[in-house]
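Trainee: So the protein sequences, as listed, match chains F and A.
Each residue of the first sequence is one higher than the one before, counting from 1 in the numbering used here.
Each residue of the second sequence is one higher than the one before, counting from 1 in the numbering used here.
Treat the hints as calculated values from the structure; they're not laboratory data.
These numbers were taken from a predicted model, which means no experiment stands behind them.
We put the beta carbon where it would ideally sit given N, CA and C, even for glycine.
Take the hints with a grain of salt, since some may be wrong.
[To be verified] Within a straight-line C-alpha distance of at most 27 Å, the following computed DSSO-like cross-link-like pairs (lysine-lysine) qualify:
1) F:Lys19 x A:Lys388
2) A:Lys495 x F:Lys74
3) A:Lys187 x F:Lys28
4) A:Lys107 x F:Lys28
5) F:Lys20 x A:Lys179
6) F:Lys125 x A:Lys511
7) F:Lys51 x A:Lys203
8) F:Lys51 x A:Lys179
9) A:Lys511 x F:Lys51
10) A:Lys187 x F:Lys20
11) A:Lys187 x F:Lys125
12) A:Lys537 x F:Lys51
13) F:Lys75 x A:Lys203
14) A:Lys537 x F:Lys130
15) A:Lys537 x A:Lys511
16) A:Lys470 x A:Lys537
[Claimed, not checked] Simulated restraints on C-beta separations:
17) F:Pro338 x A:Asp71: 47 to 55 Å
18) A:Glu63 x F:Ser201: 53 to 61 Å
19) F:Pro338 x A:Pro46: 25 to 33 Å
20) F:Pro24 x A:Asp49: 21 to 29 Å
21) F:Val361 x A:Glu48: 35 to 43 Å
22) A:Gly72 x F:Gly231: 23 to 31 Å
23) A:Asp49 x F:Leu202: 40 to 48 Å
24) F:Pro26 x A:Asp49: 22 to 30 Å
25) A:Pro46 x F:Lys299: 31 to 39 Å
26) F:Pro338 x A:Arg32: 50 to 58 Å
[As the list claims (entries may be wrong)] Stretch by stretch, here's where chain A covers chain F in the computed footprint (C-beta under 8 Å, at least three residues):
27) 11 to 20
28) 73 to 84
29) 89 to 101
30) 169 to 182
31) 191 to 198
32) 206 to 218
33) 250 to 263
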Amino acid sequence: MAHAYTPGLKVMPCTRLTKKRLLPIPGKVMAAMDQQVDSLDIVAQTELPGKVFSVNVANRLSVGPAEIEAFMVKKEGDFVKKGEIIAENKPFLKWFQNSVDSPVEGTVETVSFVTGQVLLREPPKILPIKAYIKGKVVEVTPDFGVTVEAEGTFIQGIFGIGGETNGEIAIAVGSPDEDLDPEDIKENHKGKIVIGGKHASLATIKRAIELGVHAIVVGGIHDRDLRQLLGYDIGVAVTGSENIGITILVTEGFGLIPMADYTFKLLSSRNGEVASVSGATQIRAGVMRPEIIIPGFPKNVTECKRDQGRGWIEPGDPIRIIREPHFGVIGIVKSLPPELTVIGSESHARVLEVTLDGGEVIVVPRANIEVLEK
Amino acid sequence: MSKKDLEIIIATDCGSTTTKAILIEKKGDTYRQTFRGEAPTTVEAPFEDVTKGVLNSITEVEELSGRKILDGEKIITPNSGNTGADIYVSTSSAGGGLQMMVAGAVKAMTGESAQRCALGAGAIVMDVLASNDGRADHEKIERIRQLRPDMMLLSGGTDGGTITHVVELAQFLKAADPKPRLGAAYKLPVIYAGNNKAHAQIKEILGDRTALIITENLRPTLERENLMPARHKIHDIFLEHVMQQAPGYPRLMKMVGAPIMPTPAAVGTMTEKFAKANNFNVLAVDIGGATTDVFSVFSGVFNRTVSANLGMSYSISNVMAEAGLANILRWLPFDVEEQDLRNRLKNKMIRPTTIPQTVDDLQIEHAVAREALRLAFEQHKSLAVGLKGVQQERSISDAFEQTSSGASLINVMKLDYVIGSGGILAHSPRRTQSMMMMIDAYQPEGITRMAVDSIFMMPHLGVLAQISEKAALDVFYNDCLVRLGTCLAPKGMAKDGQLILEWDAVGSDGKRQTGELRFGDILHVPMNSPKARLVAKPAKGFDMGAGPGNRVDAEIEGGVVGLVLDGRGRPFALSKEPGKRLDNLNKWYKAMGMYPV
C-alpha cells in the first residue's frame, strides 16, 4: 500500500510521556528517584553566577594601570556593598582626595594592572526548575535534574508564545468555529487555561492579560495582532521567553482558522481539570512545538497508549491542508499517486488526492498537508 | 594514491536536513558527475549519528549506478572494475554548522578583520565584540555568557602596539566564562590572533579557563590583513574539537580521504577556483531556508558573508521584518491585503516545508526571495571592503575625488558572473524566474553572465578541489552549472521609450541576432549558443562598461534563458505610482514569459 512520511501534530487522549527537567549548569537535584511530584514542585536548582560590572579605577583616579595596586581598598575576593569605596587616593591635601565607589553589591572578581580595570560580580541568583507536569521521577541526572513520567492527554499546537504555566481548563466558546471574543473572557477565568475556537483578537488577548488568565488556546491569531502585542515582528520561530503576562497556544496557524473538531472535543472532555501548558516553539534543529498536558484519562478512555507516532500516511488517514488555496481544510486521504505531478504553480511535485467533507476530491502537494495524529 | 590515479570519486554534503551524495567518474580525460543520491540527515534524535544518513545516500548511488561502493559500513577503496571508489570526501553544515563569536579592539578595524577571517573559514558569526561597539562592559559580558559558540576568535591591536584593549576583552571573556555549544564538560576553544606583545598576558588570563590557541596576528599592521593562519586554526579546531563532539562525526572523519570542510568553506573554495581559472569577478549566492550565504571574488580578493536570518522558510518572516512589507509588496503584479500577506508568511515560517501550489503564492515567494537576496547582498557589500584605518596619501587632485579607506570592493559594473543556488533559484518552475530574481536583487550593470547550481554540487566540488582541481573544475563546467545566459543592462537614466542601446550578437553556432533596446523595456532573446560575440552600442549617457556612450565588444554566454536586455535603467527604481508599477511589472513579467497567463 502506498504511504508517505508526513510528520503531524500530536493530539492524543492519553499517552505516557516523559519530560527531562534539567538545569543549564550543574546544581542540586531536589527530587528523588520514584518520587511523585506535582507540577509546581521544584525538582532542581542552581546558582547562576551574578552579572559582572567593570570600573576603570585607573581612569577614575587619574593614575597609570600599574599604579592602582597602591590605591585599592578592596582586593580580589572581597565582598562590597553598593556605594562602598573600592579604591581611593591618599593625597597630601584632603581637598584633592578622590575615591571610586562600587556601582553594585557583590564581590571583587579581578583587579587588572594592565588595563586598570576592576571587575565586580553581583551575588548569584537562584534558578529553580519546576516539575512542570504531575508525575513520577523515573530518572535522576546527578547535578542537573530529573526525568518525570506521567500519563495524560497530550495536545501539540503549531505555534505559541510565552513560557510554561498551568491552570484549570476552561472552555469559553460553544464550538470550534466560534471566535473567542473579549466578552467571553470572564473574571472567574483568572489563573485558568481558556480554550477558544477559531480566533482570538488583540482585544481578547489584552482582556485575558488584564484578568490574569494564565493561557489562551485558540485555532488562529493574526500576525498583525501578534506584532502589536509584542512590539516587534517575530523573525524566526524560537519563542517561549516572551514576558507578556500570558501564554498563547495556536493550534492551527495564522489567520481565521477553526480549531480542529477533534482537538476541541478532547479539550472539552477535560474541562475543569488542571493542565500544564508551554508556548515554547522552535522550528529549527530539534523541533519543539507548544503543548498542553493534562494528567489522567478522559472519561471515555480506559487504556493509555505509548507515544508511538507512525511516521507515515496512508489512504483513509485524516489530514489537514496547511497551505493556500485550501489552508486549514481537513479531509481524508483518498490516494497517493507515486508519480510527480505538475501543480498550479508549474512545479513538479509529489501529490495526494484528498476527499473533503462534501465528497469533493482535490489534489494537494504532499508537502502541504499534515497528518492528524491521534 | 597519486592524483592522476583518481578515477572514481564519491562525495557527500551533510546538510542540516538532507545528506547528498554524488558519484564522479573519469570518462576519457574528463571527470563527470554521473549519479546522485540523497537521504535525510541523521544528526539529531532518534539516530544521532551522521554516518547513517551518509551511508543511506551512498546506498542510493549504489542502487542507481550498479556500482558496489560499500562493504557494510565501510567505503571500498580503491576502485576496481565495478566496485569501490578511489576516494571519499565530505562537507558538513549539519547541526547548525560552525558557530563562532569574534572580538577585536576596534569594530571597524580588527573587529571587521576577525569577522572576515571567521566567515571565510565557513563560520556563522554570532556576534562581533569590540571595545567601541557601543555596548556597556557588563552588556558585553552578558552577551558572551548568553551565546554558546563552538569557538571564539579574539584579535585586537597591531603587532607591537598597545595591549590594553585586547587584554580588557580577554578579561571580559574570562569573567563571562562561556561554555561551548557541544560538550558541556569541555573548555571553550579560543583562538588568539591579536597583538603579539600581549601573548603572555592572554595566556595568564585565559590559559586555565579556555582551550587557548595562539596564532599570528590577523592584522599585524593597519595596512595588512593576515587571515590565513587564524583561518587554518579555525579549521583545525573545527575538526579536532567541534566535529569530535557532533553525533557520529568521529566515525565520519575516519571514513573520509581528505579533511571534512564546513559546507560554506567548500563553496568559497570552488568560487575562488572558478574566478581564478577564468579571471572573472564572481558573485555566488546560496539562499537556503534559514540563511543566505554570499561569496564574491573581485580583483582576486575573496569575501564571504552569511546572513544568518535571511532565508525562504525558517527565516521568511525575518525577511519581512528586515525588508518591510512595502518592499515585498512592490514586486507583486497584483494587490494583496497586508494582513493576508503577513499571515501567509508566518504560516510558511511555522510550516517551513510547504510549497506554493498556486501562481499567486509562487509570486509571493519570489517577491520575498528578491528582498532576501537584496538584503544579503547589501550586508555583503558592507563587509567586502578595503581595509579601514589605512593611512592614505592624498594629492591636490584627490581632494576632488573623496574616496575613503574601506570602500566596498563590489562593483556591479565589473561583475562578470553570478551563480545562484538554493531551492528558490535552482528549482523555480521556469528558469526565467531565477534569472529575473537575481537581476532584480543585484541590479547588475553592463554585461553579466548568469548561472544556477542546479543540485547544489559546489560543496562537493570545493572539498574535491583540495585533492584534484581538474576533477572539480571539469564537473563544475560540465555538470554543475546550468547556464542561464547573459544580462545586458545599460547604466543611465532616460525617458520611457527612448532608444538606449543597439546590439548585435553572433553565436558560436553562427546565428546572428540584432536589435534595439528602449528605456523602460525588458527584452528576452532566446539564445542557446554557449558562446557569442556581442557588439553593444549604448546611447549617449548610457554605459555598458566602457564609459558613457562607448561601444563595447565582448564575449557573452547563451543559455537556457538566453539574453535579457534590461532597459529599466540604473539605478533602477520601481514607480511610486501604484497603477504604473503594476502595469510595468505585468509588462516585464510578460516580456520574460515568467508566469503562466
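Trainee: The structure should be examined with respect to each hint, and the outcome stated for every one.
Mentor: Each hint tested on the structure:
1. For the given pair, Lys19 (chain F) sits about 52 Å from Lys388 (chain A) by alpha-carbon distance, which is inconsistent with the 27 Å threshold.
2. For the hint pairing Lys495 (chain A) with Lys74 (chain F), the CA-to-CA distance comes to about 75 Å; that exceeds 27 Å, so the pair is violated.
3. For the hint pairing Lys187 (chain A) with Lys28 (chain F), the CA-to-CA distance comes to about 22 Å; that is within 27 Å, so the pair holds.
4. Between the alpha carbons of Lys107 (chain A) and Lys28 (chain F) the distance comes to roughly 41 Å, so the proposed pair goes past 27 Å and is violated.
5. Proposed proximity of Lys20 (chain F) and Lys179 (chain A) is supported: the alpha carbons are some 21 Å apart, at most 27 Å.
6. Our distance criterion of 27 Å between C-alpha atoms is broken by Lys125 (chain F) and Lys511 (chain A), whose separation comes to about 77 Å.
7. Taking the CA atoms of Lys51 (chain F) and Lys203 (chain A), the gap is near 24 Å; set against the 27 Å cutoff, the hint holds.
8. Our distance criterion of 27 Å between C-alpha atoms is met by Lys51 (chain F) and Lys179 (chain A), whose separation comes to about 16 Å.
9. Among the hinted pairs, Lys511 (chain A) with Lys51 (chain F) is inconsistent with the structure: their alpha-carbon atoms are about 73 Å apart, more than 27 Å.
10. Distance restraint check for Lys187 (chain A) and Lys20 (chain F): the Cα-Cα separation of roughly 25 Å lies within the 27 Å cut-off, and the hinted pair is therefore satisfied.
11. With a CA separation close to 23 Å, the supplied pair Lys187 (chain A) and Lys125 (chain F) stays within the 27 Å bound.
12. Proposed proximity of Lys537 (chain A) and Lys51 (chain F) is contradicted: the alpha carbons are some 66 Å apart, above 27 Å.
13. Between Lys75 (chain F) and Lys203 (chain A) the CA atoms are separated by roughly 22 Å; this keeps the pair inside 27 Å, and the hint holds.
14. A C-alpha spacing of about 75 Å is found between Lys537 (chain A) and Lys130 (chain F), which places the hinted pair above 27 Å, so the restraint is violated.
15. Using a Cα cut-off of 27 Å, the hinted pair Lys537 (chain A) and Lys511 (chain A) holds, with the two alpha carbons roughly 19 Å apart.
16. As the CA atoms of Lys470 (chain A) and Lys537 (chain A) are separated by approximately 38 Å, the hinted pair breaks the 27 Å bound.
17. For Pro338 (chain F) and Asp71 (chain A), the hinted distance range of 47 to 55 Å is not satisfied, since their beta carbons lie about 32 Å from each other.
18. Here the CB-CB span from Glu63 (chain A) to Ser201 (chain F) is close to 54 Å, well matched to the stated 53 to 61 Å.
19. One distance hint, 25 to 33 Å for the beta-carbon pair Pro338 (chain F) and Pro46 (chain A), holds here, with the actual separation near 27 Å.
20. Evaluation of the 21 to 29 Å hint for Pro24 (chain F) and Asp49 (chain A) yields a pass: the beta carbon distance comes to about 25 Å.
21. In this structure, Val361 (chain F) and Glu48 (chain A) meet the distance hint of 35 to 43 Å, their C-beta atoms being roughly 41 Å apart.
22. About 57 Å separates the C-beta atoms of Gly72 (chain A) and Gly231 (chain F), a value inconsistent with the hinted range of 23 to 31 Å.
23. Evaluation of the 40 to 48 Å hint for Asp49 (chain A) and Leu202 (chain F) yields a pass: the beta carbon distance comes to about 46 Å.
24. The given range of 22 to 30 Å is respected by Pro26 (chain F) and Asp49 (chain A), whose C-beta atoms sit roughly 27 Å from each other.
25. Here the CB-CB span from Pro46 (chain A) to Lys299 (chain F) is close to 34 Å, well matched to the stated 31 to 39 Å.
26. As the Cβ distance of Pro338 (chain F) to Arg32 (chain A) is approximately 29 Å, the hint placing it in 50 to 58 Å is violated.
27. Counting residues of the stretch 11 to 20 of chain F whose CB falls under 8 Å from any CB of chain A gives 0; the rule of at least 3 is not met.
28. Counting residues of the stretch 73 to 84 of chain F whose beta carbon lies closer than 8 Å to any beta carbon of chain A gives 0, which falls below the threshold of three, so the coverage claim is violated.
29. Remark: the stretch 89 to 101 of chain F is not confirmed as covered by chain A, as 0 of its residues place a Cβ nearer than 8 Å to a Cβ of that chain, below the required three.
30. For a cut-off of 8 Å, the count of residues in the stretch 169 to 182 of chain F with a CB near a CB of chain A stands at 0, and the three-residue condition is violated.
31. For the stretch 191 to 198 of chain F, the assignment as covered by chain A is violated, since 0 residues bring a beta-carbon within under 8 Å of that chain's beta-carbons and 3 are needed.
32. With 0 residues bearing a CB less than 8 Å from a CB of chain A, the stretch 206 to 218 of chain F misses the requirement of three and the coverage assertion fails.
33. Under a criterion of three residues with beta carbons nearer than 8 Å to beta carbons of chain A, the stated coverage of the stretch 250 to 263 of chain F is upheld, 3 such residues being counted.
Hint check: violations occur at hints 1, 2, 4, 6, 9, 12, 14, 16, 17, 22, 26, 27, 28, 29, 30, 31, 32; the rest are consistent with the structure.
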